[in-house]
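*Asks:* Dock chains B and P against the given chain U, drawing on the hints supplied.
Protein chains in written order, with our numbering: chain U, 1 to 328; chain B, 329 to 620; chain P, 621 to 963.
Please note that the accuracy of each hint is not assured.
[Claimed, not checked] Pairs of lysine-lysine, DSS-like flavour, derived with a Cα cap of 25 Å:
#1 K349(B) with K708(P)
#2 K226(U) with K639(P)
#3 K708(P) with K226(U)
#4 K629(P) with K708(P)
The hints are simulated quantities; they were obtained by calculation from the structure and are not laboratory data.
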Amino acid sequence: MREFIIRRSFYTLITLFSVATILFFIFRMLPGDPTAQVVSPALDEAAQTRLKHAFGLDRPLYVQYVLYLKNLVTLNWGRSFTTSKPVFDMLGYRFWNTIFLMAAGLCFTLVIGIGGGIIMAWRRNSALDVGSTLVALILQSAPPFVTGILLLIILSYRFDLFPTGGMLTPGIKLQSGILLFLSMDFLHHLVLPTITVAFYYLATPILIMRDSMLEILGSDFIELAKAKGLRPHVIMLNHAARNALLPIVTVSSVMVGFAIGGQVIVEQVFSWPGMGQLMVQSASCQDYPVAQATFMLLAVLVIVINLLADISYGYLDPRIKLVRSMQE
Amino acid sequence: MKLEAIKNFTAGQARIITKNKFGVFGSVVLLFFGLVGILTPWLAPHDPWVSLYGADGCLAMLRPPCLEFPLGTTIMGRDILSQMVYATRTTVLIGLVSGLISIIIGANFGLLSGYYGGKLDEILMRFTDIVYGMPFLPFLIVLIALFGRSLWFVIIAICCIVWRTSARVIRAQTLAIKQRQFILAAKARGCSNFRIIYKHIMPNLLPLLLLYTSFNIAWSILAEAGASFLGFGDPSNLSWGGMLYNLWISGKVRTAWWWFAWPSICIILLVSSLVFISRAYEEIANPRLKQR
Amino acid sequence: MKRILLEIKNLKTSYRTEKGTVKAVDGVTLYIKENEVFGLVGESGCGKSTLIRSIMRLLPQSAQMTAEMLRFSGYDLLSMTESEFREKILWQEISLVPQSAMNALNPVYRVGNQIMEAIRAHREDDKVERVRKTEDLFHLVGLQSAFMKSYPHELSGGMRQRAMIAMSLVLEPALIIMDEPTTGLDVLVQERILRKLKLIRQTWMERSGATASILLITHDISVIAEMSDRIGIMYSGQLMEMASAMDLFYEPYHPYTLGLKNSFPSILALDSDLISIPGAPPNLIEEIPGCVFAARCPFAIPECREIRPEFREVKPDHFIACIRTDHVEDFRRLAGVKSTWQS
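One chain only, chain U, in its complex shape (with noise of 0.2 Å):
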């Protein structure tokens, strides 16, 4: 197991250092001067010198390329150009902002996708099945922006339910820190959002568990539990859920993939101060060292993620642990 743990380890580290080097390179291609998304054009020919040289610009290429690198590891990631503050002081709050709006919505999605899925496979062919398969695939059709909009104008315009946008309302003093999270205001400030980011994300897992489960429930070892007078919800949850699990674990890691897709979205329709409405906002307005190093950020996230669900893969299924070490 731990052998495990460090092959995957040892190529995420290949996957991150491959996704900084395309980066590297997507940049470079930039048309025009490929200084430019360093150094702000917007300095005067003497200041760009300086910086160029500082920053070694005029250095041959592979050197550049290590620069980056260490830049990179070290965390020194240049400054902004619209504000010439340091990127990375830039995203450091951002960053927390978005993490916990996708975890808030990530336990709401597998909380209700596991869950129905289950219900679903239960009352297979119900009216319940049949309906919450229609409004699944149709929540996966609707682009979060869609549902995002959809619930401000029902929820915050029509019944001033909830407020409109942004993490805080603006001019309340809080205590900084994990209190932050904890505050009503905050809560009520994250519940649309939220709600818009699980529906993204909800109709993968409800499907596949109900299919699962469905296919589960074929198996000689669930007729097995059966003939030993096991007790249906005791079949359902600890024979056939606890198997059906493992698509979704698989499936989660190419989830969170598209994820921050709608991440970046939700963050734009509801305001929230997170990393997503940051690249926005840099992209626009061509801040390169921003939009660079918050893409770096979110494709760490991506990928980081994916090898904590290889890990709790290998975990939960014990068939895994053969396989992996037969093969090396």
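*Replies:* Here is chains B and P on its own, set in the frame of chain U:
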């Protein structure tokens, strides 16, 4: 000979899709949007870019749906119906082109990787892992921000990423089919690898391929809608997402419900029709979903 | 005189399918006594598996079962509620060793735990008791206790089957149903397993003092011959003949049984050709008037195709579904000749 095969194939697929209520709905919707996309110049009553004046002589700003403007107008006085018709063309085009290109890439990756195994498999799959590590929408945004907002860049950017899921799935199936007797028999007959992959294995993967083509088109449409909504679409080629972007920046979301409704409904309709058709294929690939 | 443990009268089970109603079990009447091995033989698809699933209420929703009587050890199985059936009958009184034991174990739980789960579902024993019981049974079937902690995929097919046998014994049921325990195994392994099964049963009964009957399902007549006290011959959803093993082998009545006997090469008559029954079993969806075997029976007369023969007792404890029992001597003689079957 070839024509017959194609006719049989299409008839077979049509049967599969229409067997299922979902499939029928999906096909009808797809056909509808396809037709609108083709007949665009004849269907749009006005030029979508021109600010229009109402019968009363005033600028037709933010008019709700009425006889003059059946779907309403935007803040610039442009006819939403005409915009919708032209946007249908853009959206369908992007979806189709990106979807088809990406399934071709994905299928080949999967087939070659699965069939040859060994070093090639390692390399292709590691590459796929890297692409999986790229968050989709941020990648689109970065590419478009760097290279410009043109229709073709959007398509290229989408194609760079969407193929990844089909690659993995098709590889898995190829691995399974590779072991079967008829493949071993073909090898023993001396069939070239090329023949085996494209004449023997691929046809067996057809339902899966069609399933993922459907998905890829759906994902491309959603991706483009997302990018356009955030302002990264092609400004000269309006899409439904782009229309919603215009709405969003005008700040009139609260009042102009019609401007929000029609593009949103169309996106949902089009994508769900693709998803429904996919569901019909999934039930074939996995009949246990229907029985018992 | 042994008492009757399981009594079935006119059991019918059908499945609703797209193509029509499949009558998998079409009026089966049989009984199994205490402390005996009852072998149920028949070709694949003759309804044996459906029969046992009907008894144990493991049928899918698309199936419908009716019976005039289904009694087990004083319980009327037909009138029991689901929870009663689950608590009192399943596994406690009747247990099952399914076909392909390979897949009958849940892949994500350890084998020992799955056995103890069966105990926990029905008894109030504490953990130590359960572990001890399971360990005991493991030893009985020839598995080391260390394997209790293994996952199913870590054991070989044979070991998994033995674990399944252990599991079936754990609550000391009165009836153990074994579905094709030797299918897919080569003759030598079959031999070993059968001997082992006999040994296990003997040892277990001596040790626990309990007696158990076994309902052994197979399509292999030689296995039946080895193991059974009484035998039932099933064809196309109906019982053709039911008798003690001795009676069946030395004084068979039904043409189908006679045909089956021919399908086995005898070591004593190395030169003779194998005589097989021509034709194939009928489609279970069709309504067949008269005897189901008439189409392939060399001794059939027109009446055979009109009236369905009653399953009646021709000798004490020997039942048969045929209207031409009066010619049985001739049939026995003619069945051994190849030309009889070729007309």
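*Asks:* Given the hinted pair K226(U) and K639(P), is their alpha-carbon gap at most 25 Å?
*Replies:* The hint is violated at about 28 Å.
*Asks:* Please verify whether K349(B) and K708(P) have alpha carbons no more than 25 Å apart.
*Replies:* violated (45 Å)
*Asks:* Regarding the pair K629(P) and K708(P), is the alpha-carbon distance no greater than 25 Å?
*Replies:* holds (22 Å)
*Asks:* Given the hint that K708(P) pairs with K226(U), does the C-alpha gap stay at or below 25 Å?
*Replies:* holds (13 Å)
In the structure shown, a violation is registered for the earlier hints numbered 1, 2, in ascending order.
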